[in-house]
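Peer 1: Please take these sequences and the hints and turn them into a complete structure.
Here my numbering is used: the first residue of the sequence shown is 3, the next is one more, and so on.
Keep in mind that the hints were calculated from the coordinates and are not lab data.
Don't be surprised by glycine CBs; every beta carbon is placed ideally from N, CA and C.
Check each hint, because a few of them may be wrong.
[Stated by the list, open to error] Below, simulated EDC-like cross-link-like pairs (lysine to aspartate or glutamate); rule was C-alpha separation at most 20 angstroms, straight line:
1) Lys360 x Glu220
2) Lys287 x Asp313
3) Lys287 x Glu250
4) Lys360 x Glu98
5) Lys360 x Glu173
6) Lys157 x Glu173
7) Lys287 x Glu127
8) Lys157 x Glu197
9) Lys360 x Glu197
[Claimed, not checked] Pair ranges (Cβ atoms, derived):
10) Arg207 x Pro111: 23 to 29 angstroms
11) Gly314 x Ala176: 52 to 58 angstroms
12) Ser112 x Pro302: 37 to 43 angstroms
13) Glu98 x Ser255: 48 to 54 angstroms
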Amino acid sequence: MTRADASERSDRPRRRTRRAVLAAGTAGLVGLAGCSALSGGGGGNGTTTGAGTTAGTETGTATETGTATGTDTAGNATDETTQGENAAAGEALPIEEYRGSGPLVQQRPSLSGTSIQDLPPLSGELTIYLGGGEGGLYTNLISLLERTYPDFEPKTRLAPTSQLASTIIQETSAGSSPADVFWSVDAGSLGVVAERNATVGLPQRVVESVPQQLHPREDWVGVAGRARSVPYNTDQLDRSQIPQDVLEFTNASVLQGNMGWAPSYGAFQAFVTAMRLLTSRGRTKRWLNGMQEQGVQTFPDEFLVSNAVADGEIAAGFANHYYALRVQAARPNAPIDLAFTQGGPGALINVSGAEIIKGTQRQQLATNFIYHLLTVEAQEFFATRAFGYPMIPGVPPVGGLPTIDELQPPQLDLAQLSNLQPTLRLMREVGVL
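Peer 2: Listed below in structure tokens is the structure:
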């Protein structure tokens with residue numbers, strides 16, 4: 003694909019093929035950070051540095067604070083406001099307040115789904131354990147909800163996802179947890195908490211618009227997704243040269259000595275875990291060894307993998323889809339494109355999601371809050387500010403990214419991705435870690 007082709011394509015709306023996605027002209031906004039980052043990249047870690055802001059770290063310290071409050075632009079919604087009266091108030095923030103900016107966002111189609119104005123108002127105090135926080139993006143969304151609902155008093159505790167999951171399990175085992183909601187960038191952590199019987203099921207009306215595998219047994223629900231992808235340098239490769247099966251990368255001579263990965267990164271480890279679960283330990287071991295024989299280069303994280311692709315340092319790599327978009331946000335003319343493999347572990351979709359904690363005295367408010375995360379407004383926020391995959395069909399991903407259905411992700415209970423230790427042992431055994 004030439005750059006001229008890309009320019010022509012950007013001038014007209016068109017669905018990109020699932021094999022390649024041009025990452026040109028993305029918004030100059032903070033992208034998803036993975037498990038430390040939407041939709042799991044690093045490890046869901048961070049420290050709260052102020053109301054509504056986070057600073058990503060590898061070993062974040064849990065702190066508790068209220069999120070930032072903003073000027074009330076939503077009128078005076080109160081506890082007594084009914085669903086109809088809330089809609090009648092008509093002063094909810096416009097969709098533009100939730101939407102990002104930039105070329106990929108300029109021609110957004112009409113959106114459909116449940117609107118914030120269709121829901122009862124959020125009112126009262128709610129304690130949210132927030133695992134990760136996407137570099138402040140999630141707290142920014144909470145702040146927008148505070149602006150809409152002046153009587154809403156969210157209290158957030160920000161820490162690594164695995165740490166918060168362990169804390170919730172310990173607290174509920176001892177009697178009760180202060181947490182009303184666990185919002186995590188890592189589906190595996192949500193699954194661990196649910197498996198320990200520390201959650202309350204979500205109503206069908208909340209989860210019905212989300213793909214079934216992203217709300218297993220209604221214990222938790224995904225709110226934003228991230229897809230495994232292959233960023234590649236368009237000056238060095240044509241997309242037809244990229245294998246359609248991730249297991250075939252070990253045999254691709256065109257990629258010999260010219261690939262990159264980030265094996266210490268949480269998103270990559272989740273991908274290898276998926277491979278181990280979907281194939282076998284032996285097949286995964288052969289793949290890891292085969293990639294090393296291919297001379298794959300190691301990077302600290304998947305943003306740096308994508309950046310190296312854009313620099314021409316490597317021809318292609320393994321990364322979550324949004325990292326290439328982040329590179330293009332900073333470097334619109336960078337020769338980087340995205341390919342997606344067909345099915346199997348290479349087509350893994352992971353999610354950030356939320357669940358209600360057992361023992362909460364605010365179950366109705368907690369349910370309503372999670373429902374708000376699946377409204378058109380919140381889903382547009384995730385899609386256009388974080389470049390994540392929306393969970394509801396009425397909000398498309400940015401820039402013509404293939405839909406979740408088009409990606410054909412494997413049938414895998416994402417909660418199983420928490421079974422990480424066998425993966426780490428295998429990766430150490432073959433010398434990847």
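Peer 1: Compare the structure with each hint and give your call.
Peer 2: We went through each hint and held it up to the structure:
1. Among the hinted pairs, Lys360 with Glu220 is consistent with the structure: their alpha-carbon atoms are about 14 angstroms apart, no more than 20 angstroms.
2. Taking the CA atoms of Lys287 and Asp313, the gap is near 30 angstroms; set against the 20 angstroms cutoff, the hint is violated.
3. The straight-line distance between the Cα atoms of Lys287 and Glu250 is roughly 14 angstroms, inside the 20 angstroms bound, and the hint therefore holds.
4. Our distance criterion of 20 angstroms between C-alpha atoms is broken by Lys360 and Glu98, whose separation comes to about 35 angstroms.
5. Simply put, Lys360 and Glu173 have alpha-carbon atoms about 10 angstroms apart, close enough for the 20 angstroms limit, and the pair holds.
6. Of the pairs offered as hints, the one joining Lys157 and Glu173 holds, with about 17 angstroms between alpha carbons and a cut-off of 20 angstroms not exceeded.
7. Distance restraint check for Lys287 and Glu127: the Cα-Cα separation of roughly 49 angstroms exceeds the 20 angstroms cut-off, and the hinted pair is therefore not satisfied.
8. Distance restraint check for Lys157 and Glu197: the Cα-Cα separation of roughly 25 angstroms exceeds the 20 angstroms cut-off, and the hinted pair is therefore not satisfied.
9. The straight-line distance between the Cα atoms of Lys360 and Glu197 is roughly 12 angstroms, inside the 20 angstroms bound, and the hint therefore holds.
10. Taking 23 to 29 angstroms as the suggested C-beta distance range, the pair Arg207 and Pro111 conforms, at roughly 25 angstroms.
11. The supplied range of 52 to 58 angstroms is met by Gly314 and Ala176, whose beta-carbon atoms lie about 55 angstroms from each other.
12. Checked against the given bound of 37 to 43 angstroms, the beta carbons of Ser112 and Pro302, roughly 41 angstroms apart, stay inside it.
13. For the pair Glu98 and Ser255, the supplied restraint of 48 to 54 angstroms holds, since their beta-carbon distance comes to about 49 angstroms.
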